[in-house]
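Assembling the complex is the task here: the two chains are given apart, and the hints tell you how they should meet.
So the sequence lines, in the order shown, correspond to chains A and B. If you read the first sequence in this note's numbering, its first letter stands for residue 970, the second for the next number, and so on. If you read the second sequence in this note's numbering, its first letter stands for residue 112, the second for the next number, and so on.
Honestly, the hints are just simulated from the structure, not real lab data. Hints may be right or wrong, so weigh each one.
Residues from chain B that keep clear of chain A, each with C-beta distances beyond 10 angstroms, as calculated [to be verified]:
id, residue
1, Thr120
2, Phe176
3, Leu180
4, Asn186
5, Lys195
6, Phe326
7, Pro336
8, Phe348
9, Cys450
10, Trp506
11, Val513
12, Pro540
13, Gly547
14, Val558
Calculated pairs, SDA-like style, for lysine to any residue (alpha carbon to alpha carbon, straight line, at most 20 angstroms) [as the list claims (entries may be wrong)]:
id, chain 1, residue 1, chain 2, residue 2
15, B, Lys461, B, Pro321
16, A, Lys971, B, Phe487
17, A, Lys980, B, Thr387
18, A, Lys971, B, Val497
Treat the numbers as computed from the prediction; the structure is a model and nothing was measured. All C-beta atoms in this analysis are idealised placements derived from N, C-alpha and C, irrespective of residue type, glycine included.
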Amino acid sequence: MKSTGLIESWKDTPGDWGPLYPFVGHEMEMLLACAAVCLAFVIWKFRDEQRRYRSEVDGLRSARQAKEEN
Amino acid sequence: MDTELGALTVVFTEFYYWVTVVFMFLIHVGFCLYEVGVSREKNKINTLMKNAMLIPVITVAFFFFGWWLYFSMQNGPGITGGLKSAPWSTPTSELMGTHFGGMPTQSTVSASDAATWARLNGVFWAAFLLFSWTAGSILSGAVIERIRSGAFWLLAVLVGSVTWVIGGAWGWSDSGWLVQKLGYHDAYASGVIHALAGGSALAILFHLGPRVGRFRADGTPRVMPAHNTWMIAIGMFMIFSGFWGFYAACNVPLFNVGGEHGTFFSATTIYFTPTTLSAITVNFLMSLAAGFIVGYWVSHGDAFWTFQGGLGGVITASAGNDLYHPCQSFMIAAVGVWCAYRLHFWVERKFKIDDAVGAVAIHGYCGTIGVVLAGFLLWGYPSSPVEGYAPITPWGQAVGAVIMFFGLGFVPCFIVAWVLKRAGILRIPHEVEVAGLDHVILRQETVDMAELKNAELSV
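Next up, chain B with everything else stripped away, as it sits in the complex (with noise of 0.2 angstroms):
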């Protein structure tokens, strides 16, 4: 910070993510705004209320756990090496708190460390915190209308503060071993958040059961209509408004690429690989469009469907969004969108699993299907500017698919699910479900207004 430029670059990184952090509660506004019109009106407050108050659990808990797991875990451990140090990120660490970058107090924090985190560790912190509040939004409408609060908020937080965060040590970071081992590449989390939540989704909905009515006795599913459609249709275009800050915030803006060669700035990923915020626009839109139009297609103009198709697209071409062509994005989105679908469909009717709102294929699927593609698109491909990294392969990008959306997704999902079940605290009672689960509310609101009116006329 005793230069200028020095102290410019910082400031610019610091501001640049606190920018993104505030695209990013967009994302959060639109998911209440969708999930609370995709419920029927009798659940619409309990909906609302489930998927807000996932906002303070993580964020406790990924201040307790989830910032140091991001750090320590990306050697597997025991796979490239042990669990890592950072200091900076425990809840104890001065490092956390309004730091000015002096001399540290700390024996456990470096001089070093105290320069390079004092400005950053928060900001890092926040954007990391609002891929984790987007990890637990995923699962939430999936399970809407009869899961309980509860057993949903620890559910979000295994898979915001633990799983997710272990899934970007080991595949979104620059050192993490499935990028020094298996050359894995996933830029704009395909694989890390979405294939993960997707499949942790799909776990959840195993021991959770259909809604009440959701399948006859034959086995086919019934529509149950959203109760508000226009809610759901600004809720999508609120959560990709606030895309644009997830696809920033993955990025470093201004990073030294030029080794050995001198001074070189540019953007990078993650993985500190070289990219432009202007490509990125560009895949994004396109992606976004190919989305819509295979969603219309598909679906038949439902409204529902293209602007899911719309998310699903994007979704499917970010593993590779700071690489491909525009018309690359197009591509694959178009097939992300139109593999998840079909495979939506058949899930529901083969497993009858009643996924209220496709989250599982919009972000299971075409995540999984995105980081598969990449493989092959950036087929040899350096993974890293590190010597040694393996480079992008198919074979390393299917691995890495499998452990998301299996691995860390599925498995630990369904067994903390199953425990939940045998304990009678996952699902709510079945005459709760029935009767509405703001059934309660609504009868007060009757009460209430019955008792106004009285007052009003005895005026």
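Chain A with its partners taken away, still in its complex shape (with noise of 0.2 angstroms):
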């Protein structure tokens, strides 16, 4: 039966045996996705931080005025 990877049978010559993970020649590709789920997480981390910190500074703004004020 043909497979993902390159290796039909584990009784073949073992010295023969090269790569043994699925999809080879597809390394690019696979790294690709990789680096954007990577850059995805990086991106997504800036953005919700400013949001964060902008949304935590306005509370802290305003629980030290409404402090000032009483």
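Okay, here's the thing in structure tokens:
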């Protein structure tokens, strides 16, 4: 049976086995997919921090103003 | 043992498994730390002892019958053959004791058995035992703060010395019927340990019910803050450290894979299919990284779910980490953790399931997803070097996943937990839960401290 990798039988000559992983030849696509996830995470993190700190600063300033007024 | 090379191979293999046992101990240090950290102050001693005591109860049960079950049940029995004979694995076997490999005295033990198992039986037994403790510990976290310890230990023995062992016999052995007939592939136990234990935990939680106060009248969950987040983080780190031993123990360190082509030594999986320690090292780390990243993202930086995500990532990729490219491990881990996080909260809302530590999600759902995904990525790969075994396929993996999570995981524990509940011995009394499982200890501590203070003042 054809497989997603280069290996069709473990009874072949072991010395001939090279890469054992599936989808040999698509390493660049796989790398780009991983890189996309990592980049998306970094972008999300920067945006999320900006939003969160803005909201926290607003909250802290309001609390300080309220305290000063009292 | 009569040639230097032969002796070195045996002693190296013996030492290799011994080292994995030492590493896997850290998993249990970690489980204790993180469960105690999650529990509230008023329950921490009970939580510690409930988890710690699964160690001796599972050890004894595994010695009495668990090890024998692993070998004897590989054919079903009744699917690919009958009960298998395994005279080295019974508790009264001379090979369970110190043995030098010479002529056996028991008629059930052959000379070949003695020569093969004398130096390896103990360390293999121990490695499997540490897997058994892990299966029990996975249950332990989900049920904290309201299960009776006695009931828990019975369920831990069921999972740790019976059901996971049968799952291992069927799908995590070189001749298990799931491997022969369905090409089931689960190199680092996504299904046989994690999905199975996760399914078991879910079943128990159905009968146990949520902690008092966990859900509001309108059904929305309340947050129950952990009493020590730092302890949780350290505990999870310990589990990650111990997981290295788990991965190494799942391999056979040195095996001749040359067959008819001559001698060619390699590390292999439990199925005797080739892999390398180098490859699983990279894959472990990449799946851990993806799990951390996705866990952090979906939970908006929650410490608990970020660390849980790391673990879930490794668990998802474990089924095929012997063969995946690191980028594949990464992507699979990412998918698994995202799905598990969403499913955890959906199940919580829909069924009012109070899983205190997300064990069902991280182990059950991640493990199940990992087994299924392996069927697609490794489609067509041979499951074994033995001729005639089915190849790895999506349907074989799917059936295997259902058997692990539901058949061997959920169903047995659902039945036993129901019996314990009917007998009134599953859950602690309401008043004790509200006061805290440690309320007697804490009250005594207050009395002791007062007496000590008086003694100091009177001097």
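For each hint, the structure was consulted:
For threonine 120 of chain B, the condition that its CB be more than 10 angstroms from all CB atoms of chain A holds, with the nearest at approximately 18 angstroms. Phenylalanine 176 of chain B, annotated as away from the interface, keeps every beta carbon of chain A farther than 10 angstroms; the closest lies near 33 angstroms. For leucine 180 of chain B, the requirement that its beta carbon stay farther than 10 angstroms from each beta carbon of chain A is met, with the minimum near 28 angstroms. Asparagine 186 of chain B, annotated as away from the interface, keeps every beta carbon of chain A farther than 10 angstroms; the closest lies near 22 angstroms.
Once the 10 angstroms rule is applied to beta carbons, lysine 195 of chain B is consistent with being away from chain A; the minimum gap is 23 angstroms. Look at phenylalanine 326 of chain B: its CB is around 28 angstroms from the nearest CB on chain A, clear of 10 angstroms, so calling it non-interface holds up. For proline 336 of chain B, the requirement that its beta carbon stay farther than 10 angstroms from each beta carbon of chain A is met, with the minimum near 20 angstroms. Remark: the non-interface label on phenylalanine 348 of chain B is consistent with the geometry, its nearest Cβ contact in chain A lying 21 angstroms away (cut-off 10 angstroms).
Interface exclusion of cysteine 450 of chain B from chain A stands, the closest Cβ pair being 15 angstroms apart, more than 10 angstroms. At roughly 13 angstroms, the least C-beta separation between tryptophan 506 of chain B and chain A is larger than 10 angstroms, which holds for a residue marked as non-interface. With a least beta-carbon separation of about 22 angstroms from chain A, valine 513 of chain B lies farther than 10 angstroms from that chain, consistent with its non-interface assignment. Distance to chain A confirms proline 540 of chain B as a non-interface residue, since its nearest Cβ pair spans about 43 angstroms, more than 10 angstroms.
Every beta carbon of chain A lies more than 10 angstroms from that of glycine 547 of chain B, the smallest distance being close to 34 angstroms; the non-interface claim holds. Distance to chain A confirms valine 558 of chain B as a non-interface residue, since its nearest Cβ pair spans about 43 angstroms, more than 10 angstroms. With a CA separation close to 13 angstroms, the supplied pair lysine 461 of chain B and proline 321 of chain B stays within the 20 angstroms bound. Restraint check for lysine 971 of chain A and phenylalanine 487 of chain B: satisfied, since their Cα atoms lie roughly 13 angstroms apart, inside the 20 angstroms limit.
Only pairs whose Cα atoms come within 20 angstroms are accepted, and lysine 980 of chain A paired with threonine 387 of chain B is accepted, the gap being roughly 17 angstroms. Taking the CA atoms of lysine 971 of chain A and valine 497 of chain B, the gap is about 17 angstroms. The hint holds against a cut of 20 angstroms.
Violated hints: none; the structure is consistent with every hint.
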